[in-house]
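> With chain A fixed as given, assemble chains B and C onto it according to the hints.
Chains as they are written, first to last, in our numbering: chain A, 1 to 290; chain B, 1 to 260; chain C, 1 to 275.
Worth flagging that the hints you see were computed from the coordinates, not collected in a lab.
Errors might be hidden in some of the hints.
Which stretches of chain B does chain A cover? Using the computed rule of at least three CB atoms under 8 Å from a CB of chain A, they are [claimed, not checked]: (1) 18-28; (2) 86-93; (3) 98-107; (4) 179-188; (5) 203-210.
With a straight-line cut-off of 20 Å between C-alpha atoms, the simulated SDA-like cross-links for lysine to any residue are [stated by the list, open to error]: (6) Lys-93/C / Phe-159/B; (7) Lys-86/C / Pro-19/C; (8) Lys-149/C / Gly-249/B; (9) Lys-86/C / Gly-50/C; (10) Lys-124/C / Ser-158/B; (11) Lys-149/C / Thr-254/B; (12) Lys-198/C / Lys-86/C; (13) Lys-149/C / His-247/B; (14) Lys-93/C / Ser-111/C.
C-beta atoms are modelled at their ideal positions from N, C-alpha and C, and glycine is treated no differently.
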Amino acid sequence: MGSDVPVHGSSQKAEAPLVTGGTQRISRSRAGLTWWQRFGEPALVVLCVIGGWELLTRTGVLPAQDLPPATVIGAAFIGDIQQLRVWEALGATLASWAIGLAASIIVGIPAGLLLGSSRLSYLLFQPSLEFIRTIPSIAALPLLILLLGTRGLELAAAMTFLGAVWPIVIQTMYGVRDLDPTTMDAGRAYGLSRLQLFTRIVLPSALPYIATGLRLGAVVGLLLSVAASLIAGGKGIGFLIVNASFSGVPELVYARIVLTGIMGLGVTLTLVAIESRLLFWHASHRRAVT
Amino acid sequence: MTRLGQAGIGIVVPVVFFSLWWVLSEGSTSPYFPPLRRTLAAFLEIWFFSRFFTDLLPSVGHFLSGLAIGVVAGVVVGTLMGLLPRFSRDVSPMTEFVRAIPTAALVPLGLILFGTGFVMETFLISLAVFFPILVSTTAGVRGVDPVYLEVARSYGLSFADRLWHVIIPAAAPQILAGCRVAIAFGLAATVIANMVASGSGLGFFIVDAQTSFRLPDMWAGLIMIGLLGYLANTAFVLVEHRLLGWHRGWRGATQAARAA
Amino acid sequence: MSGRQDPTASARAQTAKTPVLEVRDLGVTYGSGPGAVMAIRELSFSVDLGEFVCIVGPSGCGKTTLLKSIAGLLSPTRGEAYVAGKRVEGPPKDLALVFQEYNRSLLPWLSVGDNVTFPLAARKVPKADQLARRKAALAQVGLLGFDEKYPWQLSGGMQQRVAIARGLAYEPAVLLMDEPFASLDAQSRADLEDLVLKVQRDTGLTVVFVTHDIDESVYEADRVIVLTQRPTTIRQVIGVDLPKPRDQITTKAHPEFVRLRTEVLKLIKNEPTAS
Numbered sequence: 001m002g003s004d005v006p007v008h009g010s011s012q013k014a015e016a017p018l019v020t021g022g023t024q025r026i027s028r029s030r031a032g033l034t035w036w037q038r039f040g041e042p043a044l045v046v047l048c049v050i051g052g053w054e055l056l057t058r059t060g061v062l063p064a065q066d067l068p069p070a071t072v073i074g075a076a077f078i079g080d081i082q083q084l085r086v087w088e089a090l091g092a093t094l095a096s097w098a099i100g101l102a103a104s105i106i107v108g109i110p111a112g113l114l115l116g117s118s119r120l121s122y123l124l125f126q127p128s129l130e131f132i133r134t135i136p137s138i139a140a141l142p143l144l145i146l147l148l149g150t151r152g153l154e155l156a157a158a159m160t161f162l163g164a165v166w167p168i169v170i171q172t173m174y175g176v177r178d179l180d181p182t183t184m185d186a187g188r189a190y191g192l193s194r195l196q197l198f199t200r201i202v203l204p205s206a207l208p209y210i211a212t213g214l215r216l217g218a219v220v221g222l223l224l225s226v227a228a229s230l231i232a233g234g235k236g237i238g239f240l241i242v243n244a245s246f247s248g249v250p251e252l253v254y255a256r257i258v259l260t261g262i263m264g265l266g267v268t269l270t271l272v273a274i275e276s277r278l279l280f281w282h283a284s285h286r287r288a289v290t
Numbered sequence: 001m002t003r004l005g006q007a008g009i010g011i012v013v014p015v016v017f018f019s020l021w022w023v024l025s026e027g028s029t030s031p032y033f034p035p036l037r038r039t040l041a042a043f044l045e046i047w048f049f050s051r052f053f054t055d056l057l058p059s060v061g062h063f064l065s066g067l068a069i070g071v072v073a074g075v076v077v078g079t080l081m082g083l084l085p086r087f088s089r090d091v092s093p094m095t096e097f098v099r100a101i102p103t104a105a106l107v108p109l110g111l112i113l114f115g116t117g118f119v120m121e122t123f124l125i126s127l128a129v130f131f132p133i134l135v136s137t138t139a140g141v142r143g144v145d146p147v148y149l150e151v152a153r154s155y156g157l158s159f160a161d162r163l164w165h166v167i168i169p170a171a172a173p174q175i176l177a178g179c180r181v182a183i184a185f186g187l188a189a190t191v192i193a194n195m196v197a198s199g200s201g202l203g204f205f206i207v208d209a210q211t212s213f214r215l216p217d218m219w220a221g222l223i224m225i226g227l228l229g230y231l232a233n234t235a236f237v238l239v240e241h242r243l244l245g246w247h248r249g250w251r252g253a254t255q256a257a258r259a260a
Numbered sequence: 001m002s003g004r005q006d007p008t009a010s011a012r013a014q015t016a017k018t019p020v021l022e023v024r025d026l027g028v029t030y031g032s033g034p035g036a037v038m039a040i041r042e043l044s045f046s047v048d049l050g051e052f053v054c055i056v057g058p059s060g061c062g063k064t065t066l067l068k069s070i071a072g073l074l075s076p077t078r079g080e081a082y083v084a085g086k087r088v089e090g091p092p093k094d095l096a097l098v099f100q101e102y103n104r105s106l107l108p109w110l111s112v113g114d115n116v117t118f119p120l121a122a123r124k125v126p127k128a129d130q131l132a133r134r135k136a137a138l139a140q141v142g143l144l145g146f147d148e149k150y151p152w153q154l155s156g157g158m159q160q161r162v163a164i165a166r167g168l169a170y171e172p173a174v175l176l177m178d179e180p181f182a183s184l185d186a187q188s189r190a191d192l193e194d195l196v197l198k199v200q201r202d203t204g205l206t207v208v209f210v211t212h213d214i215d216e217s218v219y220e221a222d223r224v225i226v227l228t229q230r231p232t233t234i235r236q237v238i239g240v241d242l243p244k245p246r247d248q249i250t251t252k253a254h255p256e257f258v259r260l261r262t263e264v265l266k267l268i269k270n271e272p273t274a275s
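Bound conformation, chain A alone (with noise of 0.2 Å):
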């Protein structure tokens, strides 16, 4: 997932002395990129993919008990999207995913504003916290599975809780900790009260670390809905697998790992959309800098 190191910037003078690399084509290196190299090459590139697939699955070259040809997927995969249950089982992970990770929010941003205000009780938790975040979340599966039980979606939700309530809190606090004290200085010295100093300065400011938090925690909550409902059964998509895979029809165990492939690409494409537009701001104020 996206490392938060910062990426080096470009140079800022005008007349920017030796600084790009390579033997100058400047009409090449400073022209935007076609329609094709953007999406007609690289669509060609997963045709020709799929294509090999197909021919050395058919050919028998490579397995095709194990690797069922594209097309034979394809099928399975069209035949399954128009059964009601996958849809339902969609649904199940993704309400249960959805579930958790509100709850994450709305236990996770409060505590970490909370333990990140002041030094004594970021000093006390951060360590523990730190510590806890590299347990693997999964390891709690079968205590829940016992406490919670397999049928609806407290179980999927609880796990998806898990995994994201820490990097939530995590990041919560190193972003209230990570305000630049001339910002504070600032504000109070213009004689803003705790409240306003609290809404104007401190949460603005926290922002960018918060939504970071957000984003590492839905990808590894909505891992864990998945994973939930594989390895305990249940109503999530995970468990369809798994019954395809127990029916002995290897097309449709790789036409629904396509599909929670598919699901997975949406959510992160939609969480990603949703932060650039929130912090279009931040984000290009963050690239100027570094």
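Positioned in the frame of chain A, the structure of chains B and C alone reads:
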């Protein structure tokens, strides 16, 4: 506040937590939360004796193998993607798609292709490790300050020299940041990989303990997984500390200069 | 390297007739067709062994482009450059470049000492040789004993000195300097101007020094090449006949200095500013 003082404060919460856990669970009648005393006894018995070779060592072995493969593959492909924009554009749709598939969903796939055992688990772990490293290496390579490369070119360094002496060291901070994430994902994959159909391994152990209702064993397994996570992370932090000492100083100086 | 009076063997091997740097009909045009920008129309000049030549021009003129072409980092559209008699087709062996952004031209993961011998290490120069050249170069710039420090621990002026030491350790025939002191405070700039003069005195190195600071150009140079605005050609070449060694106080008070800088200033002021 000295470093020792800070470390001292940091210990307070864990100590309090464990003490509370011990005391509150001592008289516990709940089957789900056995006394910590019993859990710890089970912990020692299992991990140092009965299950060490059957479950702990194999899982750790799979983790380390998967980590090695994933890191090497990730750095190589990531460097290629960072240096060759065209390659990156053409290959990204596929890598991004596979990256979006939750690790657990790939377990049935691994089972179909490889059955259970070393190959399947290492395959899964390598995959989980590969993607964070790929992303961070690509970013790191792309973000290398062009002035470094101009300097190297002006002194007549060949491409191979520039790659080894400039690009890789300059990208190292970001690559290592990706390693940190990769270790977490890899460990999770290690546990998930044998929770489904395996007969041995850490994941199998705690699921088996749970279904057989051997609660102290389950807790012991949970603690062991947590311990492994902590150890792996600590080992990484130590390595990173040594390798990137220069980076901390450089960033501090650069930020101070910008603030001035 | 210390105490040597002349630069590389290849340069020494030249007769007095062959200039150590020669630029012939150099032209650089970016892009093609109607959107093409002619940065340099035509530049021809030569620099003799041991000369200190400064290149000045209005901002926006092709000073940087010219330097890149000489350093082999850019292929000119027309004409060529020759260093030590050999045509430039990629970074020439006998040339070392000192960049303006000292804080980005030194590699932060290497110590000062390793930075100084970085080009040598990459070219597999024997270790003992590397260390000898490192020591000599650092001594030349007054940073002996700073081997183990890291560049970001040093001030701007010291960092630029390390960059100069790196160039010296490389033992080139020509030292190219691209506005090297532009980002420094006035005091550091004065110190470094004197340092470069001293180094050149001690080693007999040929220096080509690009700057926008007119006083600096007259102070340092044996000859000043004044460039026009884009598309760039040579406006005028002015010989500087001031007594040596130069001194920040007496030289700058010298009437000839005042006359020369006024002349250069007039030439540049009459150029249109960059669009």
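> Take the hints in turn and mark each one as holding or not.
Okay, the hints, checked on the actual structure:
A count of 0 residues in the region 18-28 of chain B with a Cβ less than 8 Å from any Cβ of chain A is obtained; the coverage claim is therefore unmet, three being the minimum. A count of 6 residues in the region 86-93 of chain B with a Cβ less than 8 Å from any Cβ of chain A is obtained; the coverage claim is therefore met, three being the minimum. Counting residues of the region 98-107 of chain B whose beta carbon lies closer than 8 Å to any beta carbon of chain A gives 9, which reaches the threshold of three, so the coverage claim holds. Counting residues of the region 179-188 of chain B whose beta carbon lies closer than 8 Å to any beta carbon of chain A gives 4, which meets the minimum of three for the stated coverage.
Check result for the region 203-210 of chain B against chain A: holds, 5 residues qualifying (beta carbon to beta carbon below 8 Å, three or more required). Simply put, Lys-93/C and Phe-159/B have alpha-carbon atoms about 16 Å apart, close enough for the 20 Å limit, and the pair holds. Among the hinted pairs, Lys-86/C with Pro-19/C is consistent with the structure: their alpha-carbon atoms are about 11 Å apart, no more than 20 Å. Note on Lys-149/C and Gly-249/B: the hinted pairing holds, with a Cα-Cα distance of about 11 Å set against a maximum of 20 Å.
Taken as a hint, the Lys-86/C and Gly-50/C pair is honoured in the structure, with Cα atoms around 18 Å apart against an allowance of 20 Å. The hinted pair formed by Lys-124/C and Ser-158/B meets the criterion: a straight-line CA distance of about 12 Å does not exceed 20 Å. Of the pairs offered as hints, the one joining Lys-149/C and Thr-254/B holds, with about 16 Å between alpha carbons and a cut-off of 20 Å not exceeded. Of the pairs offered as hints, the one joining Lys-198/C and Lys-86/C is violated, with about 28 Å between alpha carbons and a cut-off of 20 Å exceeded.
Between Lys-149/C and His-247/B the CA atoms are separated by roughly 14 Å; this keeps the pair inside 20 Å, and the hint holds. As the CA atoms of Lys-93/C and Ser-111/C are separated by approximately 24 Å, the hinted pair breaks the 20 Å bound.
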